[in-house]
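Q: Keeping their order, the protein sequence lines are chains A and B.
Count the first sequence with our numbering and you get residues 1 to 215, in order.
Count the second sequence with our numbering and you get residues 1 to 109, in order.
What the hints contain is simulated information worked out from the structure, not anything from laboratory work.
You may find that some hints are simply not true.
[Claimed, not checked] Mimicking DSS-like on lysine-lysine, the simulated pairs with C-alpha atoms at most 25 Å apart in a straight line are:
no., chain 1, residue 1, chain 2, residue 2
1, B, K79, B, K52
2, B, K79, A, K117
3, A, K117, A, K169
4, A, K117, A, K55
5, A, K55, B, K52
6, B, K56, B, K79
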Amino acid sequence: MRDGGRRAVEFAAQLLDRCESEAVLGDLEEGGEGWWRDLLDISGLIVRRQALLWKSWRPWLASCGLALPASFLLMGFSLGVTRSFQHTGGMPLLAVRILLLGAWAWTGGYVVAAMSKRTLWMSVASCCFPCLFCLARFRVPSLPSPCLLLFLPPAMWGVWQGSRLSGVKMRTAMLLAAAVTLLTLLLMGEGLPAVNWVLIWPAWYLAATGETSTL
Amino acid sequence: MLGEFEYLLISAASGLGDQAYSGAIQREIVAITGRRCSIGALYTTIDRLEGKGLVKTWMGDATAQRGGRAKRMVRVTPKGVQAARSFYDAVTGISRGARWAGKDAGGAS
């Protein structure tokens, strides 16, 4: 029990910065109080740290302004892609839809992670909630329910890259944003709901915050 | 002006001098005030003070007593000394007429 408790304290400390976690664990070791008290102490610090992060607009925008609404829209579009795969023969149109789904999901994931790395857990939860909600209510016999989640692989790839890379080159980001806008425009003529326009803002956010060359 | 806990922290760090680090400051505050001082309150207050330029912190040496982990050392800056002195002057000044500040400080009324 004692070892398990100590491990829980060390696990919780990983939610802090590396240097801070080192200093806190050392202080707790010196204090020599029980693991339960240490766990409460470290949890208190983590809660305070998280509360400070949420004073900024960035985590709010990443989770409530992007992850949550984009998940609903991307699930709807994933469904549309599956339907167009089943019913229409137009390969070019299907290719455009797949490309656009990948681009929307990747840019969304990237921006969510880049905007607020330390509150990523909340953005992930904001994405999981609509997914579970829709999966539980999905009743279309002709379609398998996992088709709702087609957007997840590119989105997760975007999150992974956004949390590791410092930024996207300005030129690449501009090209990507222009391509996403063009593809969206193309599909608007094919009956894509206008609300999907909101999915292009992550691409333009990347373009606006892209790294300029310092040559 | 400093808050009460900020003043306690700066005073403890100043008193400890070169030996001032988060764990030692925590023990000092507990020993003097008799109140529990949580790691969360301590670290966030150190950060706030550092943000205001009142203390400077850096990672120090690791010791076996701490399980080989580094210390977060704290030093009070001249600006911090000035802020603590203002707080001290304000508290001693305002307390001058108070019943508990006189020679018969132990009295009930």
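Q: If a hint holds in the structure, say so; if it doesn't, say that too.
A: Cross-check of the supplied hints:
| no. | hint | in the structure |
| --- | --- | --- |
| 1 | B:K79 - B:K52 | holds (9 Å) |
| 2 | B:K79 - A:K117 | violated (33 Å) |
| 3 | A:K117 - A:K169 | holds (19 Å) |
| 4 | A:K117 - A:K55 | holds (15 Å) |
| 5 | A:K55 - B:K52 | holds (18 Å) |
| 6 | B:K56 - B:K79 | holds (11 Å) |
Hint 2 from the list above is the single one not met by this structure.
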